[in-house]
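Following the hints, complete the assembly by docking chains B, C, D and E onto the known chain A.
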Amino acid sequence: MKHVIKKTSKFIKRSSKKAGMSPGTLVHVGEQRLDKAMISVMNYDQDRLEEKELKRIEDSFAYKDTPPVTWINIDGLHDVELIETVGTHFGIHSLTLEDIVNTGQRPKLYDFEDYIYLVLKMLKYDDTIGHIVSEQVSLIMGPHYLISFQETEGDVFNFVRERIRKGRVRIRKSGPDYLAYALIDAVVDHYFLILEKIGEKIEQFEDRVHSEPTPEILQNIHTLKREIIYFRKQVWPIRELLNVWQKTESPLMQEAHKIFISDVYDHTVQVIDTIESFRDIIAGMMDLYLSTVSNRMNEVMKVLTIMATIFIPLTFVAGIYGMNFKFMPELEWKWSYPVLWILLIGIFVSMLFYFKRKKWL
Amino acid sequence: MKHVIKKTSKFIKRSSKKAGMSPGTLVHVGEQRLDKAMISVMNYDQDRLEEKELKRIEDSFAYKDTPPVTWINIDGLHDVELIETVGTHFGIHSLTLEDIVNTGQRPKLYDFEDYIYLVLKMLKYDDTIGHIVSEQVSLIMGPHYLISFQETEGDVFNFVRERIRKGRVRIRKSGPDYLAYALIDAVVDHYFLILEKIGEKIEQFEDRVHSEPTPEILQNIHTLKREIIYFRKQVWPIRELLNVWQKTESPLMQEAHKIFISDVYDHTVQVIDTIESFRDIIAGMMDLYLSTVSNRMNEVMKVLTIMATIFIPLTFVAGIYGMNFKFMPELEWKWSYPVLWILLIGIFVSMLFYFKRKKWL
Amino acid sequence: MKHVIKKTSKFIKRSSKKAGMSPGTLVHVGEQRLDKAMISVMNYDQDRLEEKELKRIEDSFAYKDTPPVTWINIDGLHDVELIETVGTHFGIHSLTLEDIVNTGQRPKLYDFEDYIYLVLKMLKYDDTIGHIVSEQVSLIMGPHYLISFQETEGDVFNFVRERIRKGRVRIRKSGPDYLAYALIDAVVDHYFLILEKIGEKIEQFEDRVHSEPTPEILQNIHTLKREIIYFRKQVWPIRELLNVWQKTESPLMQEAHKIFISDVYDHTVQVIDTIESFRDIIAGMMDLYLSTVSNRMNEVMKVLTIMATIFIPLTFVAGIYGMNFKFMPELEWKWSYPVLWILLIGIFVSMLFYFKRKKWL
Amino acid sequence: MKHVIKKTSKFIKRSSKKAGMSPGTLVHVGEQRLDKAMISVMNYDQDRLEEKELKRIEDSFAYKDTPPVTWINIDGLHDVELIETVGTHFGIHSLTLEDIVNTGQRPKLYDFEDYIYLVLKMLKYDDTIGHIVSEQVSLIMGPHYLISFQETEGDVFNFVRERIRKGRVRIRKSGPDYLAYALIDAVVDHYFLILEKIGEKIEQFEDRVHSEPTPEILQNIHTLKREIIYFRKQVWPIRELLNVWQKTESPLMQEAHKIFISDVYDHTVQVIDTIESFRDIIAGMMDLYLSTVSNRMNEVMKVLTIMATIFIPLTFVAGIYGMNFKFMPELEWKWSYPVLWILLIGIFVSMLFYFKRKKWL
Amino acid sequence: MKHVIKKTSKFIKRSSKKAGMSPGTLVHVGEQRLDKAMISVMNYDQDRLEEKELKRIEDSFAYKDTPPVTWINIDGLHDVELIETVGTHFGIHSLTLEDIVNTGQRPKLYDFEDYIYLVLKMLKYDDTIGHIVSEQVSLIMGPHYLISFQETEGDVFNFVRERIRKGRVRIRKSGPDYLAYALIDAVVDHYFLILEKIGEKIEQFEDRVHSEPTPEILQNIHTLKREIIYFRKQVWPIRELLNVWQKTESPLMQEAHKIFISDVYDHTVQVIDTIESFRDIIAGMMDLYLSTVSNRMNEVMKVLTIMATIFIPLTFVAGIYGMNFKFMPELEWKWSYPVLWILLIGIFVSMLFYFKRKKWL
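Protein chains in written order, with the numbering used here: chain A, 156 to 516; chain B, 156 to 516; chain C, 156 to 516; chain D, 156 to 516; chain E, 156 to 516.
Certain hints may be false.
Which copy? The list can't say, so a pair holds if one copy fits it or any two copies do.
[Said to hold, decoys possible] Cross-link-like lysine-lysine pairs, in silico, BS3-like; alpha carbons within 27 Å at most: (1) 380 x 352; (2) 352 x 388; (3) 513 x 457; (4) 356 x 514; (5) 263 x 413; (6) 279 x 191.
To be clear, the hints were calculated from the coordinates, so they are not data collected in a lab. Computed from a predicted structure; not experimentally measured.
Chain A extracted, bound-state conformation:
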């Protein structure tokens, strides 16, 4: 839980520092994860592919109006100056730039006519800390270029790069809109890996809830539930994003590609559906935990009751004949002791019989 609170409150602290600044002021909100921003460029059409790493962002400006398609990828959002330069050259609205460097964005899409701006989250289940880690990805989709901004290097886009390199027909023939689709598809496909991890965890916990319902396992389930809620919160707005995208009437979008967006939409719905199933399963596990614990408690109480109820009367009887009255005729009688034993055993047996009938044993 602490992890999520910390994540949230860290973000808020940074956000609140921004309070009072004028809109469009670029302030990097998020952790700096990289020493220096890195810029890579892929320029391609059906027949040709040019790929390079840039030292200076200015070298990418030539691609702005160069047909057919250039993909400029920038890793590292802390270099606010660099992003401002890009913004100025490519004519990006100051509010868009502000959103790019503020890593607390909800997934959304905004059509600025000159370009379409998309932002969403790349998610990774970090096994070492046992939490979902997110990285914000922004896409600027212009007529001949697509600029992607990430917080750090290492991403899920390598599969897309491979497909471009391999000269796969569709991606090399299509414009930046298809490239944007391919990137988002890669991000969403990656969510299935997180579902897989969560599924494994649930299977583990499930066994243990039954065999040893300790408070620790309950807390583990709580933590997992929280991660699932966090996951859902990141994925849910993507549906809306894709919905808006599909309905966007823009010269930047080819009508024939809309079916691909609808395909990612279906995947997103699948992810959300599975998340909902997981929530149901976890709710069921909690119920099971509670009823298992309460069941054990009942067992404990029954044992106490049985023991106490059997022995308290017996002890009373023994107490009676431990009294020191001068005149207690039974004490003198020779068969008192054996008769008493028979009495005690009789009480004992009839108690057992009573509990048996009550189904407590």
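Just chains B, C, D and E now, kept in the frame of chain A:
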């Protein structure tokens, strides 16, 4: 519970393998349930019926543009190559093919103008494992043909085949849209058999909740609830599917057949209504279980309290006269012992009376 | 609870028998409640009223196109042949006929242009079994006729018959649409009687929850809740039905009568509102039951604790001086015994004082 | 709770008496609160005001078409004949008249072209019985007249009458639509007084939940919750009413007055918001009650456990040396008794220490 | 809790005083927080800035039609006369004025054609009392002027003033609509500071729930939850406000500025999202508290049960041999005592073993 988790996570594992592939790459996601894909063809009009099993898929290509109606049924989705061949010949979009072989689809309908694509789930309650088993059915509805894809042989379509063979008027006179309707109607009608099974289970459990509220019965109810949720999740989107279908303006659809779709829609709503009723009943059963258990617990506690409260003071009194003080006048007195018994019985009776008045007995 | 499960599963069993039949196959789903179907006819205009019982359904055919209004009422749905004959003559769609004889319909309205089909439930609270009993009513509203189908004789329509016989102006002057409205109004008005019954039950239970919160009373509340849910499920879709009816643009409907439909709509909303109030009240009663029970439990536990806590130390003290050590100086001292009593009474009183301060007494 | 049940079931009993009557039959549903209906008239324009009490309703008919504005107020709904006379003369639809005399209406608005019909509830918190009491108010808003119907004399309209008498500009210059607005505004403003009462009650209970969480206080909270739900049910539909009113295109409504309706709408939303806050607060109080009670229970259990756990072993030890065996070497030893005391005190102290460490003390 | 109740009921008391007044009557509803209302004016265009404090409100009237932009800020709502004067001169509708001085408004926007009226809440987390404190801000946005009304001096607008003074390009070049946006942006940005505070509190509580789950900490969580609900209630309607603003077609609004409104909208959604996360976390903390407490309770019960179950039989055995029967052969036997010890230890050990196997130890 484990069953559902396994079902879910198995699917995810397969899905996640697909992450990173380009869209339209055909990868079979699901269990291979059949050695070899099987192809059967029914070509018919009002007067004529031709029925055969095909060895090679190529033999079916002739039917593409042959009026009036051909129903091509393919069992087995693992033969990706075969499905790709069908796709190429019948002009099916690569995303559709991807959906056909990926058995994790939500029920949906998509109008590709040349054809309409429908996908939904055939469900069966498998008594041996006590769970609902699903099989994905995809329908491609073209102008003169209907192609159905299933995971394995054996289906609920035999009734439809019989009707075609018997020369039933409407189905023989109508086009592929009516055939598609008939198939989906068969699938939905089959859901009632599952409702019946669940209804039986509920009746069984109901008796036992009352007579012997063991943790086992609670877990059985939990499992049943989970199956019901799973069932609902499969059926719910069919409403939307049928809704979309009814509103589809397509030359592939005859206006006069829309009322039939509306009829299946009503059946689907009935299924969902009954599922909801079952959920309510099960929630009520859980409440009943909990209150029965807590009631028994209260009984146990009352017995403990009554026994302890009666005998603890009595034992104390006996303890008093078990003391060995030299000077205890009562010990010497002759009637002490009988008087003590009267005292003890007096305490006992007044305790009983007190509990009676408190309605604990 | 069993009652509802049985009702539901009986219906499902019958429904599932139908699985696989072609649509429009007439199979009676429901109990046969009547030996022989009964047909009655009322033909009237403002000045004239003709009323008779028919032996053969064919005698009613003449009324199809006879102005002004004929009301044909058929009791008994098991006579599938008869209903088929009616259907053929009056040009009723096979799906409508199927719905008429299948008593598991949700209330709905469908405009077939030639006629409007309405189906809903007549409900009765059967005091002998303590449950709500439903009977399906279907109305076929044509240009000059209205056919009503019921499961058995005896209905809430007698008030309407009386109004027709008495020559009440509006109903005799108006067409089948007003007659249909009058019938549905009668059905909905009848629901208030059920509300009344439920209200009485609630009042009874309410007193008992407080005075004697036994598990039986809880189960009675559970059963009542279930009946209320069942009731709500039958009434809820009628809102939609009336809504659709009001919006229906059909030559079969007179614009001026729509306000009457809106009036029944208001009544239906009132019924639903009262049902919701009842649900709230019942939920409150359950909470009250639970807190009353748990409160009693707390009382029990307090008594146990007080008794045990007071007497256990006292018994210990008595035990000490019951020991048989040779050298126990107190035993020899003359005032030991009275001093001990003072000690014991001191402990006792201070314990009481302690519990008093803790507000346990 | 009983109060609400009785209110509800009384209403239902009366409603159910109406079942089977033809629509438009006037039957007074509600309590008769007044011996004789009272009629008062205010006829005014900007310069002139005429105010009188009428003996016969016929005297009001002259005002029907007299400009500019006449407000006819009728107290007492049991005089069905009088209301029928009004209805006939002013051309009011029979369904409207039925609604006026049936006091179980939900707030609603209906535009009959000749007039607009509004119905809503005047509410009062009756301190003597501790419940909200409602009175139905119907308004008929015609071109030159406004007729208001109430169940009994005494209302929240006196403020409006004062404003008319004082010659306040707007109300004297405007038509019946503004008057209708003013009346409804008065009704809604009055709701704030009820909110105030409820707020006071909540404050009272809040203190007591903490200091003395008795079952009585819980039941008081339950009762208050029920009143709040009842209140909400009466206020909620007024939003819809005002919404419909604002959208009504009618020659009876002046466009410039719509902003006033929107103002009452805002007030209604404020009332509902506050009701929702109260519900949250009450839910929180119930949670607090439950956790306070369960906390006290835990305290009780701890005391029991500590006492029992400390003294049971001690008593056992004492019991050992109370045995009468011939050969028990300890009994003979001189220092046995003091050593035993040391042992007992040792057990006692270490137990205390153990509980301290466990934080039970 | 009390704080919120008091806040609410104080407001209601004042509101209810207004009941019965005619609409547009100006009555200050809220606390008077300032001795005297303060008026400040900023008149600016791209090149020029004039800033002054006014003694008399009349001095501001000259700015009404003076281009380009004048921002008149008024602190103190209790001076109803002053606000009436402003209203008369600037042509503000009496309902608007009523809303300005009544501090119980929900955030809303209303387009009066001559001006646009906006009202929302400035919120502050007051650490000394540990509650959120709200101040109502109203904006009147005319063609050349913007009037802002606040309850007291000291606000979040200083950042905006700085930006105007610094001659920041956009705000000096734009009209009152951009100024209104800037002010609302400042208000919403300030909400992040409250989120930060709440986040800190949650972190504090989180640690303590685990280490010492006292009733006090539970109540703290309850209080925090209530503050969060209050916060949410203030922020939620701002979404709607901004939504309406964006869709407003008014000559007072520049199309190009709508994107800025959409930006504040996104921030508001972020605030609400974080609030929802906090609610989830708090719900989780309460669950954790409850399960921690119940877990401790179980521990207590187990200790009791173990102690009682072990020693009660042992005490019984000791009691047996404390009896004073004349003829008890065991008493005479020499090895009785040691054998008995072996027996007792045997029972003890096997009990321990039993509990071990049951996992109670």
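The hints, checked one at a time:
1. Taking the closest pair of Cα atoms, residue 380 and residue 352 come within 27 Å of each other both inside a single copy (13 Å) and across two copies (25 Å).
2. Both within a single protomer and between protomers do residue 352 and residue 388 lie at most 27 Å apart by alpha-carbon distance, with minima of 18 Å and 22 Å respectively.
3. For a Cα distance limit of 27 Å, the shortest separation of residue 513 from residue 457 qualifies both inside one copy, at 11 Å, and across copies, at 13 Å.
4. Taking the shortest alpha-carbon separations for residue 356 and residue 514, only the inter-copy value of 25 Å comes in at or below 27 Å, while the best intra-copy value is 38 Å.
5. In this homomeric assembly, residue 263 and residue 413 come within 27 Å of each other (Cα to Cα) both inside a single copy, at 17 Å, and across copies, at 17 Å.
6. Proximity of residue 279 to residue 191 under the C-alpha cut-off of 27 Å is restricted to the intra-copy arrangement: shortest distance 22 Å within a copy versus 39 Å between copies.
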